[in-house]
Amino acid sequence: MQAEAPETRRHRPLAGLGLAITLAFSVTPCSSWAGLGQPFESVKTDRARMSARMASIAMATHTVSALTLANGGVVKEFSNRSGMVFAVSWRGPGRPDLQQLLGGGFDTLQADNVDRGGRRMRAPLKVDRSDLVVHTGGHPGAFWGVAYLPQQTPSGFSGADLGSP
Amino acid sequence: MKVWALAAMLVMLAACGGGGGGSSTTTTPTPTPVVTAAANTAVITVDAGPPALATGPNGFISDNLAFVSVTLCAPGGSNCQTIDHVQVDTGSVGLRIEQSVLNPSLLAALPTQGDASGAQVGECYQYVDGYAFGSVRDADFQIGGEKVAGMPLQVIGDTGAFSTVPSSCSSSGGANLNTVTALGANGVIGLGVTQTDCGAACTVAGGSGAAIYYDCPASGCGQVIAQAASTTAPFQQLPNPIAAMGVDNNGLIITLPAVSASGQASATGKIFFGIGTQSNNALGSATVLATTDETARDGSGLITATYMGQSLPDSFLDSGSNLYLFVDSTIPTCTGANFTGYYCPSAPIQISPTILAENGGAVSAAFQLNNAQTLLSLSNTSVLPGVGANPTAQNLMNAYPSSFDFGLPFFYGRSIYTAIEGRTAGGLAGPFFAY
Chain A
6 MQAEAPETRR
16 HRPLAGLGLA
26 ITLAFSVTPC
36 SSWAGLGQPF
46 ESVKTDRARM
56 SARMASIAMA
66 THTVSALTLA
76 NGGVVKEFSN
86 RSGMVFAVSW
96 RGPGRPDLQQ
106 LLGGGFDTLQ
116 ADNVDRGGRR
126 MRAPLKVDRS
136 DLVVHTGGHP
146 GAFWGVAYLP
156 QQTPSGFSGA
166 DLGSP
Chain B
3 MKVWALAAML
13 VMLAACGGGG
23 GGSSTTTTPT
33 PTPVVTAAAN
43 TAVITVDAGP
53 PALATGPNGF
63 ISDNLAFVSV
73 TLCAPGGSNC
83 QTIDHVQVDT
93 GSVGLRIEQS
103 VLNPSLLAAL
113 PTQGDASGAQ
123 VGECYQYVDG
133 YAFGSVRDAD
143 FQIGGEKVAG
153 MPLQVIGDTG
163 AFSTVPSSCS
173 SSGGANLNTV
183 TALGANGVIG
193 LGVTQTDCGA
203 ACTVAGGSGA
213 AIYYDCPASG
223 CGQVIAQAAS
233 TTAPFQQLPN
243 PIAAMGVDNN
253 GLIITLPAVS
263 ASGQASATGK
273 IFFGIGTQSN
283 NALGSATVLA
293 TTDETARDGS
303 GLITATYMGQ
313 SLPDSFLDSG
323 SNLYLFVDST
333 IPTCTGANFT
343 GYYCPSAPIQ
353 ISPTILAENG
363 GAVSAAFQLN
373 NAQTLLSLSN
383 TSVLPGVGAN
393 PTAQNLMNAY
403 PSSFDFGLPF
413 FYGRSIYTAI
423 EGRTAGGLAG
433 PFFAY
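Residue numbers (the numbering used here), protein chains in the order written: chain A, 6 to 170; chain B, 3 to 437.
Don't read these hints as lab results, they were simulated from the structure. Any given hint could turn out to be false.
As the list claims (entries may be wrong) - Simulated coverage check for chain B against chain A, where a stretch passes if three residues somewhere in it have a Cβ under 8 Å from a Cβ of chain A:
no., segment
1, 44 to 57
2, 83 to 95
3, 120 to 134
4, 190 to 196
All of these numbers come straight from a predicted model, not from anything done at the bench. The beta-carbon is built from N, C-alpha and C at its ideal position, and this holds for glycine as well.
Just chain B, with the same shape it has in the complex (with noise of 0.2 Å):
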């Protein structure tokens, strides 16, 4: 045995840092004569994303990323605008606009939302791949037939007093996702199993999570300050949109068709708002997944997957990453310049996890995996299925793998269903995944 000596230290204080276009205009719905969509449902696609991607020398198109429209509309419901290829993501919460998408009218018209010194509220969030850094606004918002009253979102790259990136957001690494290009959308939706951006991490001063809110009076923004978690007014923290609800708040269910394994150039299917609130939102025979809850050590919304006799207990289904991630040191990775870390098995292979059930099971979660660097060198392909990467660098002494990621090919065929912590859906506590 090891000696083990533990020796506590005094407390210091110190201190450092601190701190598009592709949107559709508004017009005049025209009306249809088919059926009328239900109010709790909204279509989602997978496309080549923001017609802005394309542009200029190095344009590209998305990959493997699901799209919906919303509508914000200036507090009262005037001054509207629809706005398209925002992405759908059930790893994140809140909702996050491209500054540039916005009208100015419509931008001048949002109330930024105002802190206890009278100055302005900013936010930084960060996502696996980067930051995102803006403002708090206030808009009416509407997907499909729901509404949300004077909901905080995040316009990423705002200007004025938010045009300077505090360090203490920079400097958790990544990109800046500030430009349409950079997060590859026109905004994100973030409609993950937490009720807001952050919870209890950032309603003490100071306090921080994946979200940082700021003081930002017009020299910039710095003193990191606490807001309070509500998913009604007067809220603070952005909410979960589907937690802000009034009705069909306990969580969705995204749907999507299945799709040709040499890939397609888009995809359609629907997210139904709501589990078990209405006709169309059942839980039926669908798998409910052992979900850690905000008491557990890393937090709400891990599953455990099991995967060549190893657990994976920090394991998550998301709609927001657009591949497979995970550890097997036996599949060929691709050679290509621009594939390192993909996997590129030369013919498709089965990948046979399983996941941990509510009921003490184990249910399948087996795909095909296809050659990444095949299906990313098709042009007007945005529709991948089983494109997977190995996420650690690939000379990690000994790899410790401890997560699978099931990403929106996970999606593909199948209705996923994400139900929200503190929220009762189908009958049963949220959080949970279930499909």
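Bound-form chain A, shown alone (with noise of 0.2 Å):
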């Protein structure tokens, strides 16, 4: 059986060539998750943490940060005019560090699609609360996905605004 990894694991050094590549990029701190709910700064931490070219766009609710990830794949974080990351989305070959992404509402991604016994489905991974909303979809190669935060959503924020991830 295996364990996951517990958090404090993350910065343990790697063995070999990967230890070298540890201390290189330990530069930067890593001590809070960015992404929902986190301030639009973060949006640069995520930035950096995936490697990611990054363009902003400011509408007129909201500013839009595209990330392009290296394998091809695209990162979105929508902030508010308060500066606060309220929407996420992806796309691409693999899905992102959600983990990174959704900060503390990974904790509820995963609480909310564990095994409830019975029949089951393969389903996408989703959250439906009124604090916060995922939903995820595609299969091994395209992956998609978009979270939020109702509440700290700007009004005349759409849907359609969001796009299709």
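Need the complex rebuilt from these two chains, each delivered in its own frame; the hints are there to steer you.
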């Protein structure tokens, strides 16, 4: 049986060749998760962690920051006028680091998608709560999803503004 | 018009993370006097799944999963084991077997793949509902009469250096599919449209797609490594087993019978390996669907369905999905506690999407949608036609769907062709789906 890697293992130095790379990359501290519910500044942290190219576009009600990943995948972070990331979307050959993108919402995602017993379907992960909505889909090689905080979403912002993720 | 402003951000580097039972044993085949099956076919069965699923207080049976048996041998062809209830999945690529179903002697005889630093190679592979993590090992593989020598497969839930899942694997979310119960099968055989399970995304250091390959010294897996995409030895990434075959290597046909609308315990069909390579696998009059290739924004194997007047360019046919997934807020969803999001029409209704064909026309993909809660509440019934669900959260503001997933129920009563990218099938360039 396998165990989940505990959080404390995140900075465990890697053996062999990995050690040098780990040291070189550890200049920027990673003390907190960025993404959903975090200040817009955290988008830059996400960009760096994903080694992504980034472009930001200011809209009437929000700002969209699009991060293009090395494998062609795209992550978008939507910030409101208060500077908080209230929505994220992703698409690409693999799912991105959702623990990073969803922040505290990741635990909710896991809790809401555990096996509840009985018959089951291989259904995509989702969360349907008043303070967090997550919708995912696709198959290996083509994944997509959106997550948002309904209570932080600017008035006038609609699902269409999230776009087809 | 809105005012648009572009801002470029400075480069900044940082890094966080990094990072049974149920199988049959080997027996001597009993000679049978009946007509010999063609070498390019294998029997597929939709049934209750591995017996291990039904054990214990939380036991359950499979729903709409198509299974096949595969045979693995140690390199050289000795020490073989036939593994039943391996799920047939045209939505993924690569053979993955739970460690718990492998005979210990065979497991010990399957060499783990090594990397440039002399360590073992591990792999994480993402599914829509979770992830599989384990070792990459080589085995002589056989399905029906088709064979591949020294083919890499993933041993899910492997022990030793692979006993801890890297956080960069589990952070993609969902369940750890490291047991037969969690996976719902003894393994998965991914026979989708690409030649390998990661392609170019994994051929650069640190690169990943649905697959993430790891350097795994004895202390555990951490560093993400590059793996070449090859369908012949020396392999690195897991190949599509069909693409690695010596013949009949351009795709497959899955044929399943029409089934009772009220469900049934099991159904038996056939896989034909190859398209247009033998007398039994001609493309014939099947309609070829317009299918994306690797140059598309969202990768290979997507088709465009149209439903309720809306174009859905991220649609796909997927034997590995055990239901239809599409958005239609006019259909009642189920009220049972374990059926949130499933469609529960009071009486069966006709759903009538179309799919864009290669010739520019639209082909009907109509089916009958049944009450999911009624069917899923039946005991001893694993073949469940017309079961569907809405994959969006119910309160998603102005849901913006772009996909229609035609899962295994769509395969009942049809022959569905899946042609591999970079291969010619029936005179046409893959990838494509057809039916």
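| With a Cβ-Cβ cutoff of 8 Å, does the segment 190 to 196 of chain B contain at least three residues near chain A? | Three-residue rule met by the segment 190 to 196 of chain B, so holds; n is 3.
| 8 Å C-beta criterion, at least three residues: is the segment 44 to 57 of chain B covered by chain A | The restraint on the segment 44 to 57 of chain B is violated, since only 0 of its residues have a Cβ under 8 Å from chain A and three are required.
| For the segment 83 to 95 of chain B, does the count of residues with a C-beta closer than 8 Å to a C-beta of chain A reach 3? | Satisfied; 3 residues make the cut.
| Per the coverage rule (Cβ-Cβ under 8 Å, at least three residues), is the segment 120 to 134 of chain B covered by chain A? | holds (count 6)
Hint 1 alone, counting from the list given before, is not met by this structure.
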